[in-house]
Amino acid sequence: MIIEVVMDPSITALIILAGSGLTLLIAATLYYLLKSRSVRTTELYLSGEGENVVSNLSPGVGSLYYGFMKRFAKNLYKVLTESVHTGSLHDWFNFIASWLGLLVLIAILVLILMLTGW
Amino acid sequence: MDVSQVALFLFSTLVFPGFLFIFILSLFTQYLVRKISARYQKRMGPSYIGPYGVLQPFMDFWKLLRVKEVVRSRYSMQRVAELTLLIGIACITGAIVLLPIGVLNIRGPLDYLVFFYMASVMPILMIVLASLSMPGPYTSLGVSRLLSILTISEPVYFTGLFIPCFLATYRDPLVLSVSMTSHRVMDLWLNPVAALILLLSLIALVISLQSKAMYPPFNIPEAEQEIIAGFETEFSGPLLALASLLHDMDLTVSILTVVYIVLGGPAPFQHLTLGGILMVILKYLVLVLVVATIKNIFGRYRLEQALMQLLKYGGIPVLISVILSLAWIYL
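As you go down the protein sequences, you meet chains F and Y in turn.
All residue numbers for the first sequence refer to the numbering used here, where the first residue is 126 and numbers rise by one.
All residue numbers for the second sequence refer to the numbering used here, where the first residue is 14 and numbers rise by one.
Source of the hints: derived by calculation from the structure; they are not laboratory data.
There may be inaccurate statements among the hints.
Claimed, not checked - Derived CB-CB ranges, DEER-like:
hint, chain 1, residue 1, chain 2, residue 2, range
1, F, V229, Y, R87, 57 to 65 Å
2, Y, G63, F, G192, 29 to 37 Å
3, F, V204, Y, R87, 41 to 49 Å
4, Y, L295, F, L158, 48 to 56 Å
5, Y, G312, F, L189, 56 to 64 Å
6, Y, L145, F, T206, 39 to 47 Å
7, F, P184, Y, M57, 14 to 22 Å
To be verified - Keeping only pairs whose Cα atoms sit at most 30 Å apart, straight-line, the calculated DSS-like set for lysine-lysine is:
hint, chain 1, residue 1, chain 2, residue 2
8, Y, K55, Y, K81
9, Y, K55, F, K160
10, Y, K325, F, K160
11, Y, K76, F, K160
C-beta: ideal position from N, C-alpha, C; glycine also.
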């Protein structure tokens with residue numbers, strides 16, 4: 126059984142609008158009933174950082190390291206610039222070899238102590 | 014309308030062929046498109062939830078709806094976005110009663126214009142408004158691309174549906190009635206000239222369906238590699254569930270509209286008979302298969318390419334179709 130209803134265009138528009146309004150009411154009710162009540166809002170993030178972090182100027186890791194060294198470890202920074210990073214390969218090798226030589230001596234000493242039962 | 018007709022109208026709006034039916038059919042259509050795409054790409058597709066994975070889209074929708082975390086920026090207007098998406102869903106389901114699918118058959122002169130406005134213009138307008146309510150750089154770019162494509166695809170879609178309506182009803186008191194068109198369009202397919210006109214309209218409609226659904230090759234508004242997800246980048250959780258549902262409902266109703274207005278719905282069988290129902294299902298499935306196939310065999314066009322192809326394969330056929338229709342009627 127098919128029920129046919131012929132309508133004026135304006136009445137058709139009103140009927141369709143009424144149907145849409147009713148559907149909107151039902152759909153909105155269902156939506157707000159079914160969606161989770163406890164919502165945890167997260168701010169927009171870019172590259173793993175929040176918008177407030179990314180929108181500010183942020184220093185790179187290298188800049189942080191050298192900034193710390195220059196400001197809080199001046200003597201150490203002096204050693205680095207004057208003894209190691211002079212531009213000469215000999216200075217770098219001397220510095221590394223002296224530390225490595227000390228490490229080798231300590232390693233040999235610990236080995237001897239272990240072998241003799243200490 | 015008497016009381017029984019009002020009750021029937023409420024049933025038609027809320028259950029069949031209204032809200033509940035369209036909700037289920039749109040999720041099933043999403044399942045079909047995903048399953049067909051998986052076949053083309055030698056994947057399994059949805060397989061685990063329900064028999065043959067048929068409930069997977071519902072589970073996806075449910076999970077998104079129940080998500081507790083909402084990502085938003087300082088300028089997001091989430092309530093406005095929710096409201097606009099719900100209005101889009103309501104407009105689609107309200108307009109569906111004008112298609113002669115269920116027991117109640119509402120018809121009247123010029124109701125095609127009401128139908129098109131509610132079922133085609135409002136949903137896409139609401140998607141655009143919802144996107145602009147959750148602003149972001151990618152969203153703005155996606156929306157601008159979407160609007161560019163709509164400038165061609167919507168007129169093509171409107172004209173492609175208008176031609177069968179006009180040809181079938183221009184001598185009738187119920188001129189441009191969706192329901193009358195659906196009942197008479199099969200007679201037009203039997204006339205060789207009208208069949209050519211309808212075929213050109215059908216080609217244009219399939220192309221515009223592809224762009225309305227934002228499927229490849231017209232998926233530039235949601236290009237993932239360039240703009241993450243375009244117009245829906247800022248949607249998350251329940252809002253994303255609503256946006257996906259509206260998108261699927263829009264595609265579903267668009268395909269149903271083509272089935273009823275251009276292909277005659279249950280024709281050559283009678284409405285609400287077993288043969289008629291099977292015929293509607295067959296026509297619907299064939300159109301979904303065509304849309305999913307085009308989706309999978311094309312890559313993405315750039316914006317200017319997409320516009321040009323839409324104009325070439327959608328605009329020109331529909332223009333020829335209009336000229337042929339006028340010549341057929343007045344000469």
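### Query
Tell me, which hint numbers fail for this structure?
Hints 2, 4, 5, 6, 7, 8, 9, 10 are the ones this structure does not satisfy, whereas the remaining hints hold.
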